[in-house]
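Residue numbers (this note's numbering), protein chains in the order written: chain A, 1 to 459; chain P, 1 to 459.
It should be emphasised that the hints constitute simulated quantities derived from the structure, not laboratory data.
Do not rely on the hints blindly, as some may be mistaken.
It does not matter which identical chain is meant; a pair holds if it fits inside one copy or across any two.
[Unchecked claim] Taking lysine-lysine and the DSS-like style, the derived pairs with C-alpha atoms no more than 25 Å apart in a straight line are:
{"#": "1", "residue 1": "Lys193", "residue 2": "Lys56"}
{"#": "2", "residue 1": "Lys16", "residue 2": "Lys56"}
{"#": "3", "residue 1": "Lys91", "residue 2": "Lys56"}
{"#": "4", "residue 1": "Lys16", "residue 2": "Lys4"}
{"#": "5", "residue 1": "Lys308", "residue 2": "Lys92"}
{"#": "6", "residue 1": "Lys198", "residue 2": "Lys368"}
{"#": "7", "residue 1": "Lys183", "residue 2": "Lys193"}
{"#": "8", "residue 1": "Lys198", "residue 2": "Lys188"}
{"#": "9", "residue 1": "Lys183", "residue 2": "Lys265"}
{"#": "10", "residue 1": "Lys11", "residue 2": "Lys401"}
There are 2 protein chains.
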Amino acid sequence: MTNKELYEKAKENLNKKVTLQGWVRNHRKQKEFGFIDFSDGTCFKHIQIVYDNKLKEFDEIQKIRVGSSILVEGKVVESPKEEQPFEIQAKKVELLGDCPEDYPIQPKKHSREFLREQAYLRPRTNLFQAVFRIRSVASFAIHDYFQKNGYLYVHTPLITTADCEGSDQMFKVTTLDLNHLEKDEEGKVDLSKDLFGKGSYITGSGQLHGETFALAFDKIYTFGPTFRTENSNTKTHANEFWMIEPEIAFCDLEGLMDIEEDMLKYIVQFTLDTCPDEIEFCDKFVENGLKDRLEKLVKSNFTRITHKEVIDILKKAKIKWEFEPNYEEDIAKEHEKYITDYFGGPVFITNWPKDIKAWYMKINPDNKTVAAVDLEVPGAGELMGGSQREELYDVLVERAKKLGVDTEAVSWYLNLRKYGGCVHSGFGMGFERLIMYLTGIENIRDVIPYPRTPGNCDY
Amino acid sequence: MTNKELYEKAKENLNKKVTLQGWVRNHRKQKEFGFIDFSDGTCFKHIQIVYDNKLKEFDEIQKIRVGSSILVEGKVVESPKEEQPFEIQAKKVELLGDCPEDYPIQPKKHSREFLREQAYLRPRTNLFQAVFRIRSVASFAIHDYFQKNGYLYVHTPLITTADCEGSDQMFKVTTLDLNHLEKDEEGKVDLSKDLFGKGSYITGSGQLHGETFALAFDKIYTFGPTFRTENSNTKTHANEFWMIEPEIAFCDLEGLMDIEEDMLKYIVQFTLDTCPDEIEFCDKFVENGLKDRLEKLVKSNFTRITHKEVIDILKKAKIKWEFEPNYEEDIAKEHEKYITDYFGGPVFITNWPKDIKAWYMKINPDNKTVAAVDLEVPGAGELMGGSQREELYDVLVERAKKLGVDTEAVSWYLNLRKYGGCVHSGFGMGFERLIMYLTGIENIRDVIPYPRTPGNCDY
């Protein structure tokens, strides 16, 4: 029986014999008694195992060290302690896998920096039990939301030769032997010898491929790993992360915002419902007020405001900005914070200056802005970015050329506008940013099982 | 309203006005009437739109070509045709996005080879509407199964420097400029200049990382893309594919088979329940008897038999084999087929000769075989491969060294056996193979949205 099953059916099992297998998180020994803080990792709560010196293996049991795996047979009994609904009166405690004295994870507070160096053991700590459970549950919430709402899940390719977002931001992949590269007549590496017969990359987005499916299935989403080569060592950058990219046919910018808001509330509510103990823990030990913030989000109405209006508000504010707000430019972190504080909740900012946004976004009638939208949330800044896509072939091609996109390589994408094209929109959400928002964790390295950052690809 | 919603609530909507947006799949014109075969891709079934010359745009509507996107306003009425529960009597048909005469996807049978070349348009055909819907639904079934059963979903890293399965089978990833590689003192490429400071790869398996989470969360699964550099152009090989890799602590080989059987039946039943029209179509146009085969699987008991027993049976069979069955060797495709026919259903083959299996598999007491299991299913051959993992540190290290594994690079993995190790097991299932099994499709290129095979990385 798992810890989770036992907690779910604690009453039915009272005074019954159960067999458990899991790990010793802590072990307090007294002369006649011993208490094992026990967990098999199936739920956040631990179980207290009590044994006494009537067991003939008492002395052996007392030697069991923290980190060891054990098998426990015992009776479920009511606990004298208020904070636990039951405990196990052990009839048998058997050592399955020993653990040495110098085991790095001891029942004390370890710094997150230390735990990053023990990446393969940190899932055994309370903090990472909470974080990675929330990560798993939020993943499922996303699938659940989209599948219930009739979206198709698409596995867009990771390896690509289409140089859409700029290959300088993409990892090259190759099967060639780097130490023995053959050159072509021009003295360049002969990529025709590579497995795909040309240079290939791992992608930074599945959007373009996603659009081809939206124009066949109406509503689709992707959810998969994404890569950026950014040589940036900040709390919010990783070179490998997961992204969700929904794309919806016959949907304009207003419709897109409806979906973003509905989806986010669903995920947050689902996580609150499924992970109460984990959220409680994060609220207590990671970010005070986390739970309240999440509950508030579900009930709130998201503000919708244009980029121009945002700049107006920022300019009127009696604050000495580090970065002066500008109608032609992106907004800075300090502005994001001010705006979400100003409205006391999440804010959709729409209609951005076209020069700072991507080539595939729909040009507005003013010919100055694009129908793009960023969602800013209190505490985490930009959580999603989306846009209506340019559905007019000529306009799109002109803009692509202007911005140096290889229109030949993406001719199939452009063709979508020729073959029954339609108004359509999509957005991207960085999954790690969502998990940081759901847990209060401030460093992206602590929400990814094995983070990859510049100079750091251990394990 | 989407097609799906309309089909789900056809009766409630009878005689009501609805607005639909989608694409023209076919268009039959008569003097006084027109019939548009209409689909928005949200469900497999199309909708018939009927319009007549009482509409003042009648002549305009008649010009609408196959592939165009349209908006339809009309009344839901009972259909005179038996095979459709309703049709739409159009009050308005508006062209949203035109489509030229030479649109590649016409209402006729296209060969799958042709459609592979039109990869971005083939999702608009009935076959690929069925295949990719089944792919999406089966994905969800997998998440649903594991989440309901208390497993943690883990995103194991794709970029890795741990050379576990042999780097010759892995793609190298780099941010270095291949045309200007700096060399170190030994004349080799200086990988310390690369983003991670050393050579890195995209992984062929998340298993080793998965095990570290199983020993913290008890039951985990991965579901993500995987890569192999195999230069092989067969119907069953792709260089990029998706894998599911569950890993379970305190679980032996028998327990593992229970899980594999239970999971597969769940996925198949879920797909049968959720995609009746798609399965029906595949049964009719891809593989006759498909539905029956799937329904039979759910009700069957999977045979469990050792590799030795399989070879005994094969040797006794009065068949002239192309490959002679051998107690020391793997079995061939012809043997797999014979065995599943022999038992009339899925067969677990256990206890394989250790010399043909991986280094991390549990050595059996006979010291000749390992506690590995392959699941063979009628029609698709090997669908899953798994094993109990060697949990004894010394035995594992010795075997790793013998097989040339860099024990330094995987010391963290080996350490799992030191720090509260336990009996544990896991398996891998190639997702595309599952989809081929669920649809009857014989070529892996036809179950992947944008397949990557040697020399083929278009789109």
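Each hint tested on the structure:
For the homomeric pair Lys193 and Lys56, neither the shortest alpha-carbon distance inside one copy (70 Å) nor that between copies (61 Å) is at most 25 Å. When the C-alpha separation of Lys16 and Lys56 is checked against a cutoff of 25 Å, the pair qualifies only within one copy, where the shortest distance is 22 Å, while the shortest distance between copies is 78 Å. In the homo-oligomer, the alpha carbons of Lys91 and Lys56 lie at most 25 Å apart inside one protomer (10 Å), although the nearest pairing across protomers, at 86 Å, exceeds that limit. In this assembly of identical chains, the alpha carbons of Lys16 and Lys4 lie at most 25 Å apart only when taken from the same copy (16 Å versus 49 Å across copies).
In this homomeric assembly, Lys308 and Lys92 never come within 25 Å of each other (Cα to Cα): the closest approach is 70 Å inside a single copy and 38 Å across copies. When the C-alpha separation of Lys198 and Lys368 is checked against a cutoff of 25 Å, the pair qualifies neither within a copy, at 38 Å, nor between copies, at 45 Å. With identical chains, the CA atoms of Lys183 and Lys193 are at most 25 Å apart both within one copy (10 Å) and between copies (22 Å). In this homomeric assembly, Lys198 and Lys188 come within 25 Å of each other (Cα to Cα) both inside a single copy, at 12 Å, and across copies, at 24 Å.
For a Cα distance limit of 25 Å, the shortest separation of Lys183 from Lys265 qualifies neither inside one copy, at 54 Å, nor across copies, at 53 Å. For the identical chains of this complex, Lys11 and Lys401 are neighbours neither inside a copy (68 Å) nor across copies (50 Å), given an alpha-carbon limit of 25 Å.
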